[in-house]
Amino acid sequence: MTNREKYDKVFIDCFSVEKSALNDKFVYQCVTEWDSIGHMGMIAAVEAAFDIMMETDDIIDFSSYTKGAEILSKYKVVL
Amino acid sequence: MDFYNDIGAFGSSTAVITEDSGRITYAELLAAADAIKDQVRDRCLVFSVCENSPGSLAGYLAFLRGRIVPLLLHNCIDRGLFETLLSTYRPAYIWLPREKAKAADWGREVFHYGGYSLLRTKHEPDYALHDDLALLLSTSGSTGSPKLVRLSYKNINSNAEAIAQYLGITRTDRPITTLPMSYTYGLSILNSHLLKGCALILTDKTLMDKAFWALLKTNEATTFGGVPYVYEMLKKLRFSRMELPSLKTLTQAGGKMSPELVGEFAAVCGQKGARFFVMYGQTEATARMSYLPSEQAISRAGSIGIAIPGGEFWLEDESGSVIAESDTAGELVYKGGNVALGYAAGRKDLCKGDENGGVLRTGDMAKRDAGGFYYIVGRKKRFLKLFGNRVNLDEIEQLIKSAGYGCACAGEDDHLRIYTSEKENQAAIKSLAAARTGIHPSAFEVICLESLPFNEAGKVLYSALK
Chain A
1 MTNREKYDKV FIDCFSVEKS ALNDKFVYQC VTEWDSIGHM GMIAAVEAAF
51 DIMMETDDII DFSSYTKGAE ILSKYKVVL
Chain B
80 MDFYNDIGAF GSSTAVITED SGRITYAELL AAADAIKDQV RDRCLVFSVC
130 ENSPGSLAGY LAFLRGRIVP LLLHNCIDRG LFETLLSTYR PAYIWLPREK
180 AKAADWGREV FHYGGYSLLR TKHEPDYALH DDLALLLSTS GSTGSPKLVR
230 LSYKNINSNA EAIAQYLGIT RTDRPITTLP MSYTYGLSIL NSHLLKGCAL
280 ILTDKTLMDK AFWALLKTNE ATTFGGVPYV YEMLKKLRFS RMELPSLKTL
330 TQAGGKMSPE LVGEFAAVCG QKGARFFVMY GQTEATARMS YLPSEQAISR
380 AGSIGIAIPG GEFWLEDESG SVIAESDTAG ELVYKGGNVA LGYAAGRKDL
430 CKGDENGGVL RTGDMAKRDA GGFYYIVGRK KRFLKLFGNR VNLDEIEQLI
480 KSAGYGCACA GEDDHLRIYT SEKENQAAIK SLAAARTGIH PSAFEVICLE
530 SLPFNEAGKV LYSALK
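Read top to bottom, the protein sequences are chains A and B.
For the first sequence, this note's numbering gives the first residue as 1, with consecutive numbering after it.
For the second sequence, this note's numbering gives the first residue as 80, with consecutive numbering after it.
Keep in mind that the hints were calculated from the coordinates and are not lab data.
Any given hint might turn out to be false.
[What the hints assert, rightly or not] Residues on chain A that point at chain B, a partial pick, calculated with CB under 10 Å: (1) Asp35; (2) Gly41; (3) Met53.
[What the hints assert, rightly or not] Straight line, CA to CA, 27 Å or less: simulated DSS-like cross-link-like pairs of lysine-lysine: (4) B/Lys480 with B/Lys414; (5) A/Lys67 with B/Lys315; (6) A/Lys9 with B/Lys296; (7) B/Lys446 with B/Lys427; (8) B/Lys545 with A/Lys67; (9) B/Lys315 with A/Lys9; (10) A/Lys74 with B/Lys296; (11) B/Lys460 with B/Lys315; (12) B/Lys460 with A/Lys9; (13) A/Lys67 with B/Lys314; (14) A/Lys9 with A/Lys74; (15) A/Lys74 with B/Lys314.
[As the list claims (entries may be wrong)] Sample of chain B residues with no beta-carbon within 10 Å of chain A, all distances over it, derived: (16) Gly194; (17) Cys430; (18) Gly537.
Ideal placement from N, C-alpha and C gives every residue a C-beta, glycine not left out.
Just chain A, with the same shape it has in the complex:
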């Protein structure tokens, strides 16, 4: 699996959405599954998928599908 596929799979699994929903409009609280609890689960899944530990600010800033990809580059994860 490519990094992009792994990243997409986290969103698809955590928020029960189709791949086609994943674009720059997919943001925090845009689906009921992505609430504060869903956010915590998604962050844990991203960390596990890429074997990283994110900083507090990055966890909170991780507010959209697009923003998340930018943040991952800080952890040397290239999508």
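Knowing the structure of chain A, use the given hints to seat chain B on it.
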């Protein structure tokens, strides 16, 4: 002493800090409350759809000051359930966010303030309200039933005063909201701080929102409360490394948190110079029944502590006799001025007076240590028999959680279902449960979910686990 009347004395002090860091004084808040109150005039039933906002708070104070009885409901309440409640209770008015009022045909707007509308419904009361009845809340176990808890003026004042006393709340405290106002724990934080003339920072933003932390820091919040999952989030956010010098007091209630996590937060708070209080309560007791003094938080991690000032605990065995020995489990019974009048299943119950006489059978099983501190060991009805063995679902949950796996348990005799989002660890969870209980693994089924269902108060929604 009625705090909602007495707080007029705080006049020019700040009562509310809004999401955009605006200030509202006690005098301004009470002027708004009294304008709302004057529209309603007669004692009647009102549905109040709550946010953590000035409009919502002004309405709540208006109703208490005017002896108007509100039912507090969460703003995200399912529309079908809301309409069921409307037809069951037939309130004379609804106080709700304006955009919500415009989207439905529940009544005619007669007043508005702070983004809220007061709607006069078409209902004419065909029921009476008991003189002592102050407030209605739904129980936090949200099963979608119209069953409500009836609280008195004495209940609200007595609990607010007890909480302010044991937490040592002073006028310089400044809570930031992390819980819905319609939820008994969230409401108790507002009541106990209003009593002392504190400024309340009102927001519906969550811990996972950047704006929440900015608001907390800018306005130097001193305290907030959290249910267990809030503390799991704080841990994920590496709370121990955050710089939040204004925080002085954290409280935890709304469910049993693992002793490991309690110990961890007690230690972290100690390092930060803050106090950490574990507390216990139910809507049926207005909010709080006990607290663990913060200096005991590490040594007695896992305890719910001692009864609040003015309250009393004892344990009863299955025959109803009081258990005198320590370390013996029995049903936890509470007595105090904060025990609700009773339940209501419909509007005809609103004329009923006190049915509990100040005594609440909690339905929780507990034991008491030799020092007089109480520990919840389970809920009376959450038991299963597995191959003849009596098994407590809460204890199974705790044992799996303490191994690091989030879960919720349900089931029938000889079939305990463990719901988890730990896809990779299904087999490990099953063998752990079997090994720790000594019961054959075929009694356990591990079911994987994307996430566990929680209600808006952060408690596991067992009714959704079928």
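Here's how the hints hold up against the structure:
The interface hint given for A/Asp35 is met, as the beta carbon of that residue sits about 7 Å from the closest beta carbon of chain B, less than 10 Å. Hint status for A/Gly41: holds, given a least beta-carbon distance of 5 Å to chain B, under 10 Å. Because the closest C-beta pair between A/Met53 and chain B is about 9 Å apart, less than 10 Å, the hint holds. Simply put, B/Lys480 and B/Lys414 have alpha-carbon atoms about 32 Å apart, too far for the 27 Å limit, and the pair is violated.
With a C-alpha separation of about 19 Å, the suggested pair A/Lys67 and B/Lys315 falls inside the 27 Å cut-off, and the hint holds. For the proposed pair A/Lys9 and B/Lys296, the alpha carbon gap of about 35 Å is over 27 Å, so the pair is violated. The hinted pair formed by B/Lys446 and B/Lys427 fails the criterion: a straight-line CA distance of about 38 Å is larger than 27 Å. A hinted pair counts as satisfied when its Cα atoms are at most 27 Å apart, and B/Lys545 with A/Lys67 does not qualify at roughly 37 Å.
A hinted pair counts as satisfied when its Cα atoms are at most 27 Å apart, and B/Lys315 with A/Lys9 qualifies at roughly 21 Å. Our distance criterion of 27 Å between C-alpha atoms is met by A/Lys74 and B/Lys296, whose separation comes to about 26 Å. The straight-line distance between the Cα atoms of B/Lys460 and B/Lys315 is roughly 32 Å, outside the 27 Å bound, and the hint therefore fails. Taken as a hint, the B/Lys460 and A/Lys9 pair is broken in the structure, with Cα atoms around 39 Å apart against an allowance of 27 Å.
Between A/Lys67 and B/Lys314 the CA atoms are separated by roughly 23 Å; this keeps the pair inside 27 Å, and the hint holds. Between A/Lys9 and A/Lys74 the CA atoms are separated by roughly 20 Å; this keeps the pair inside 27 Å, and the hint holds. Between A/Lys74 and B/Lys314 the CA atoms are separated by roughly 22 Å; this keeps the pair inside 27 Å, and the hint holds. The claim that B/Gly194 lies off the interface holds: its Cβ sits roughly 19 Å from the closest Cβ of chain A, which is beyond the 10 Å cut-off.
Look at B/Cys430: its CB is around 39 Å from the nearest CB on chain A, clear of 10 Å, so calling it non-interface holds up. The Cβ of B/Gly537 sits about 8 Å from the closest Cβ of chain A, inside the 10 Å cut-off, so the non-interface label is violated.
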